[in-house]
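Asker: One-letter residues, chain by chain:
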Amino acid sequence: MHTNSLYQEVILDHNRKPRNYGKLDHANHHAVGHNPLCGDRLDISLQLDNDQINNIAFQGESCAICKASASMMTTAVKGKSRADAETLIHEFRELATGKLDISQPNHLGRLTVFSGIRDLPTRVKCAILPWHTLHAALNSLASVSTEADDSAQSMSNHS
Amino acid sequence: MNSTNISLKPEISSSLNWDRIRADFPILQLKIDGKPLIYLDNAASSQMPQQVIDRLVRYQTTQHANINRAVHYLSEIATLEYHNARCKLQQFINAREDREVIFTSGTTDSINLVMHGYGRKFIKADDEIILTTLEHHSNIVPWQMLAEEKGARIRVVPINDKGELEVDEYEKLFNEHTKFVGLIHVSNALGTINPIQRMIDFAHRHGVPVLIDGAQAAPHIPIDVQALDCDFYAFSAHKLCGPTGVGILYGKATLLEAMQPFKGGGDMIASVTFEKTAYNTIPHKFEAGTPPIAAAIGFGTAIEYLTDIGIERIAAYESGLLAYATECLSEIPGIKIIGTAAEKTAVISFIIDGVHPHDVGTILNQDGIAVRTGHHCAQPIMQRFNVPATSRASFAFYNKRTEVDALVAGIKTVQKIFL
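First to last, the sequence lines map onto chains E and Z.
Okay, so the first sequence: first residue is -13 according to this note's numbering, each after it adds one.
Okay, so the second sequence: first residue is 4 according to this note's numbering, each after it adds one.
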C-alpha cells in the first residue's frame, strides 16, 4: 500500500481549491450525506431540469479524500444527464471497492486517481460519501429543505 | 488517588530495563509495509506480552472446561483459576472482598450493569444524574436511556480550555434531586486526570453514589477503591495488556446486594421454578451464562505482569515520555495540542492546521505509525473544542523516545504533503 499514490497532486489540488463549492440559490434537489463514524458531513445541491444536471454545488466538513472526491465529482457530472451521472456513481463505487477492472472501458477519466483507495478499507467510505449523497439528491423530491438531518443514518434525503 | 502517585522520581523508573520489558511484546516486532510498527494507540487497546499469551495457551491446552458446574478435574481447575483471577483483580484495586469484583465483558458492560441493576431500580422521575463533558459515550448513552425511561435528568459538568473539569461547577450542580454521579477517572480523548477523590467525597456528603469509569486510569494510576471510597469502579482487560472481551465492575457489596440482576440465565440463580426464581449471591448474581473464562484468567496474568513492573514505575516512565512528546510536538509550527491539563496521562490529542485527522492517520500509517483519529467516542469534547476530530497519540510503558521522534518526523511528512 503506497499512500503517496493516493495523495496525488490532483487530489491535493481539489482539496485546496474545491470546485463548485458552496450552495446553489436555485437548487431543486438536495441531500445531506453524513458518515457518523468519522463525522464527515456533505451537503449537495442540484439544479436538475429535464433530467439534466444544469448546476451542482457541495459544501461540508470532511477529510481531503472526501472533499477532493466531491469536487471532482461535481466537475464530472455537471451538464450530464441523470442516467450518465448514475452510471458514473455506479462505476466510482465499483472502483473504490476494488470491483472495477480499470483496464476495461469506463467513463471515469481522471477519477481513476482514486483507485488506490481500495487498499484502505477504512477510507473507502470517505471517497464514496459524495457519490452516495449525489445519488440521494438525484432521487429526492423536487423542493429543497434547509434542514440538516442529524440522525445516525449515513444518508438522508430532503424533500 | 491523585497525581502525587505518578510523580515519582526518575531514578525509580530508570532502575528498570525498559528495553527488556518491551521485548516481552511480540507484536512490537511487526513491520508495516516494511517499516517497524510504532504503536501509539494504547488508549484504544494495549498490546499483550508473551506471558499473557502463554497463559491463554496453557489454559486452553491443559485447563479448559466450564466453571461452577461439574465435579470433574478440568471443571475444578478452571473454576479455581477463574476464582484466582478474581482475587488478583481484588488485590489490584484493594477491594475488601473478592465478591465485590464482577467479571463483565468490559467497561461498557460494567456501566450498563450499574445502569440496569442500580439505576433502573433506584432512579425515579425528576431525579438528576450528574455526568461530565469528559465522559466517553459509554458513560453517557446508558444514562440517557435511563433518563428517558424514567423521566430523570442529566446534568453535565463543564470543562475549561485546558480540558480540566470545573469542579466548582460540579459542586453547584448538587441539589435534592441529585441521585447519581457518573465520572470518568482519566479522559480517553485528552488524557486529563480528574480529581475524583474530591468529587467522590463531595457526592458522599450529599448521600449520592458515584460510579468511576476507570478504563483509561487503571493502566496508569494505582487504584485503591477503599481509599477512594467510590461506589462503583469499572475497567477493561484489553487496556491493561490483557485480552478483549473481559473487564470488571467493582461495587460495594451492600450496593451490589441491593441491586436487581442485569442479565438472567444460568449461574446467576439459586433456584428456578416457573413460579419464582431465587437469585444467587454476589458476584454470581451478575454473571449470567458462561463467562469469558480464558480471557478472565489471562486478565489475572496481565495484572500480575503489570504489578510486577509496578503501576507507579509505569506511570513515572510514561510521564517522562509525555513530557518529551509534548515538548517535541509543541515545537512544530501548525500543531495544536487539544487538552493541556496540569494532570495528564500519556495521551496527546492534536490537530494539524489545514489537515483533517483522517488524512493525518492515513499518512502516518504509511510510516508504520498507529495513532487514533476521529472523535474518540467523546463527541461532546470535540464540540467543546469546536473540532470535528483529532489525531491522538497515546503511549504505553513499552514505547520509546525514538518512537516519539518518528511521530514528529511523520507529522512533518504530513505537513509537507499538504503544504
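Check the hints yourself; a few may be wrong.
With a cut-off of at most 27 Å between alpha-carbon atoms, the simulated BS3-like pairs for lysine-lysine come out as follows [as the list claims (entries may be wrong)]:
(1) Z/K165 / E/K3
(2) Z/K266 / E/K3
(3) Z/K339 / Z/K403
(4) Z/K266 / Z/K255
(5) Z/K419 / Z/K403
(6) Z/K339 / E/K3
(7) E/K111 / E/K66
(8) E/K111 / Z/K419
(9) Z/K266 / Z/K339
(10) E/K66 / E/K9
(11) Z/K255 / Z/K91
(12) Z/K91 / Z/K339
Hints are computed from structural coordinates only; laboratory data are not their basis.
Asker: The structure should be examined with respect to each hint, and the outcome stated for every one.
Answerer: To see whether the hints hold, each was checked on the structure:
no., hint, result
1, Z/K165 / E/K3, "33 Å, violated"
2, Z/K266 / E/K3, "55 Å, violated"
3, Z/K339 / Z/K403, "22 Å, holds"
4, Z/K266 / Z/K255, "19 Å, holds"
5, Z/K419 / Z/K403, "25 Å, holds"
6, Z/K339 / E/K3, "24 Å, holds"
7, E/K111 / E/K66, "24 Å, holds"
8, E/K111 / Z/K419, "25 Å, holds"
9, Z/K266 / Z/K339, "45 Å, violated"
10, E/K66 / E/K9, "19 Å, holds"
11, Z/K255 / Z/K91, "17 Å, holds"
12, Z/K91 / Z/K339, "41 Å, violated"
Hints 1, 2, 9, 12 from the list above are not met by this structure, while the remaining hints are.
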